[in-house]
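Here is what each chain is made of, one letter per residue.
Protein chains: 6
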Amino acid sequence: MALSNERLIGKMAMLGVLDESYLPEIEKLGWKYCVGKAGSMDSQKVVAAIETAAKSENIIQTGIYRETHSLYHAIMEAFHGVTRGQVQLGTVLRTVGLRFIVVRGNPYEKKEEGDWVAVALYGTIGAPVKGLEHEAIGLGINHI
Amino acid sequence: MALSNERLIGKMAMLGVLDESYLPEIEKLGWKYCVGKAGSMDSQKVVAAIETAAKSENIIQTGIYRETHSLYHAIMEAFHGVTRGQVQLGTVLRTVGLRFIVVRGNPYEKKEEGDWVAVALYGTIGAPVKGLEHEAIGLGINHI
Amino acid sequence: MALSNERLIGKMAMLGVLDESYLPEIEKLGWKYCVGKAGSMDSQKVVAAIETAAKSENIIQTGIYRETHSLYHAIMEAFHGVTRGQVQLGTVLRTVGLRFIVVRGNPYEKKEEGDWVAVALYGTIGAPVKGLEHEAIGLGINHI
Amino acid sequence: MALSNERLIGKMAMLGVLDESYLPEIEKLGWKYCVGKAGSMDSQKVVAAIETAAKSENIIQTGIYRETHSLYHAIMEAFHGVTRGQVQLGTVLRTVGLRFIVVRGNPYEKKEEGDWVAVALYGTIGAPVKGLEHEAIGLGINHI
Amino acid sequence: MALSNERLIGKMAMLGVLDESYLPEIEKLGWKYCVGKAGSMDSQKVVAAIETAAKSENIIQTGIYRETHSLYHAIMEAFHGVTRGQVQLGTVLRTVGLRFIVVRGNPYEKKEEGDWVAVALYGTIGAPVKGLEHEAIGLGINHI
Amino acid sequence: MALSNERLIGKMAMLGVLDESYLPEIEKLGWKYCVGKAGSMDSQKVVAAIETAAKSENIIQTGIYRETHSLYHAIMEAFHGVTRGQVQLGTVLRTVGLRFIVVRGNPYEKKEEGDWVAVALYGTIGAPVKGLEHEAIGLGINHI
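Residue numbers (this note's numbering), protein chains in the order written: chain A, 6 to 149; chain B, 6 to 149; chain C, 6 to 149; chain D, 6 to 149; chain E, 6 to 149; chain F, 6 to 149.
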């Protein structure tokens, strides 16, 4: 059941979202991934941007709810890291500017573990005024 | 007030905790930092391990409460990313094995912004059985 | 003070919202109740639909704040079961389609316990796309 | 993708935990399930009791982490309904006496949706004094 | 239904816990109240101390669960103000030293609103080291 | 590091917001403060009203993000006391009418502790119907 040290999906997703030059490492493993940006005071727009990218780039299958369900919870978990307490943006007068990555692969040694999804977020959070912000990071991982 | 692209304290802390070979980059900026490990089902032990390391390595001043207060909230925010919903470990039957880094520096272009602290966590969270776990990440940033 | 096995208000409310054929059992006890439906991405609309039904069908008295206060908290508690973590719908890009029941009665053996209110919810929660959803349930109980 | 009206796993799990006479309906579908009881001020003991039952009765496979992961999150979601705000028991001076059911099956019309798990909880929550309690309910659903 | 300006139970409870010289104002209204102190890293001990005081000084009736239920939720709400995010103390390595007051009375102009309970808390929260702490306040109000 | 009994910033802020006649006590200490009112179902408007007042009355410096950051977290902490569980207003169908005070000063015996900010809130929370409301209080304290 152990995690494989060469296939730590969370670490690779986070490195990939922090530094684009790392993305070829993810490709080498034969894993699917997509990257994008989302900036908004509306938390639902950030969720939608990530879901749309993951579907249009075929990271998850559109016609199967279990895949959407898995991704949704991974996004929400990553959002906890970014928002740190309340999964809210505009309603508490703050906004985000985020890069995101969605990675799909099996990080475990056993084949039976199947595919997992990792959503990593990196960017800024703060008042809706340029400069009044600091960095924020989130990572969500789920079995698909 | 803008963040300096060369001194993104959250990104550097996260890269440093994910990959030790990145630590010299933090030193080059003249910033203080310390790294360590903490594994436990007792959430308070993880908090204590980080606080103790940061104090014994003089990242924060022991005799000034405002510094302890700043670090404590940064730790709690990083914990939100790791725990994603409830800042609890053993009480919901899960355990963590984490590497941590505490970095102190000014990530803004203006000197007047003074020192900030970043706490980055990376490791695993899961059932108290080896292998029944996935990765988790957290980042907390606060002004000192 | 013990709960009466024949008057378990939470169980009866839940059975009533899951299966209409159970409603006469609630009537037999001489308890007041109302049922309805609410579907929305706006969480406040769901709260409003339940409050309006309970008031217009005289489950609670409109002119007494303590009754509204009691119902409101029972609704919010039921919402925790449906939302499981964040009492939010549209702001995290999800919608619900719910049946609800509000039951008023004394589930305890002692008369002095007076009236209590139970709010039970049953339906689906998911993405704002038909089929991308699973079931959800909530129950809130409060003294009136 | 739609839910099948004859195989609403959440409704069936909840009916089964409320009323034992309903259990044969679940068996008819060929679904696996297990029932049990857990009473404690220690929230981790309740989680452990459900996990242990589900594993020893082969509802989920012990050797595959993704199955444990799926069950764990379903348990935590069901706990939200029972605890309604803080997933805590003894630390906020309250205790539970719960019946639980774990059901595994596919509630969707499409075969490709695969297995899902539903955890339903019903019982009482209150002060650690007999009688000072009311009923509580929770339901968690996850893809396996 | 309006609140009476002369009987603002929350304001009076808070003033009473901040400044003992204000307590006779509460007595003048013929309201019951009790005051006490509780200091601990164990959140349940703080809850227990308030409940015990309120029962032994007959602010609430011991034999009626609805009164205990009402008080419990008022205490938990007051705790939210003190803990600001997670209703936890020792598990996140912090401790409190609190004065508390429990006041029972009708703050509304209408007699039909009956009795309400207000729990006000004032003191310090911080690390389990003298001086590493700041002030904290909480107020919970519920109908009895 | 100890708090000074003559300069308990949280107590003074709370007394000041409960009773205007107390404000000269704060002035005597040479501390800056501002008071105001905010009533809304939009939580972000309440946050904005407090931030705007604190900036326009020079309690915090507009050009330094660390000061805005400190105030923001103090406001959010005070909001936890008012909202007691979910930092939400309109989305859960409730509204507030609040008086607020922002106080800046050093409540500790040591000069090195520097300035801290206290945000105290007092008013009513309830349904968006006059009279259907009770009192609420919140206090947030942060180092600047």
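Just so you know, not all the hints are guaranteed correct.
Below, a list of computed lysine to aspartate or glutamate pairs in the EDC-like style, where the Cα atoms sit at most 20 angstroms apart [what the hints assert, rightly or not]:
#, chain 1, residue 1, chain 2, residue 2
1, E, Lys135, B, Glu56
2, B, Lys135, A, Glu32
3, C, Lys135, D, Glu30
4, A, Lys50, C, Glu62
5, C, Lys37, C, Glu62
6, B, Lys135, A, Glu11
7, A, Lys135, B, Glu25
8, B, Lys37, B, Asp120
9, B, Lys50, B, Glu25
10, D, Lys116, A, Glu11
Everything labelled a hint here was simulated from the structure, so no lab data went into it.
Hint check:
1. E:Lys135 / B:Glu56: Holds. E:Lys135 to B:Glu56 sits at ~16 angstroms (cutoff 20 angstroms).
2. B:Lys135 / A:Glu32: 29 angstroms, violated
3. C:Lys135 / D:Glu30: 27 angstroms, violated
4. A:Lys50 / C:Glu62: Violated - the C-alpha atoms of C:Glu62 and A:Lys50 are around 39 angstroms apart, more than 20 angstroms.
5. C:Lys37 / C:Glu62: Given pair C:Lys37, C:Glu62 holds - Cα atoms ~9 angstroms apart, limit 20 angstroms.
6. B:Lys135 / A:Glu11: It holds: about 18 angstroms lies between the C-alpha atoms, which stays within 20 angstroms.
7. A:Lys135 / B:Glu25: 33 angstroms, violated
8. B:Lys37 / B:Asp120: 11 angstroms, holds
9. B:Lys50 / B:Glu25: Violated, at roughly 23 angstroms.
10. D:Lys116 / A:Glu11: Cα-Cα ~34 angstroms, so violated.
When held up to the earlier numbered hints, the structure conflicts with 2, 3, 4, 7, 9, 10 and fits the remainder.
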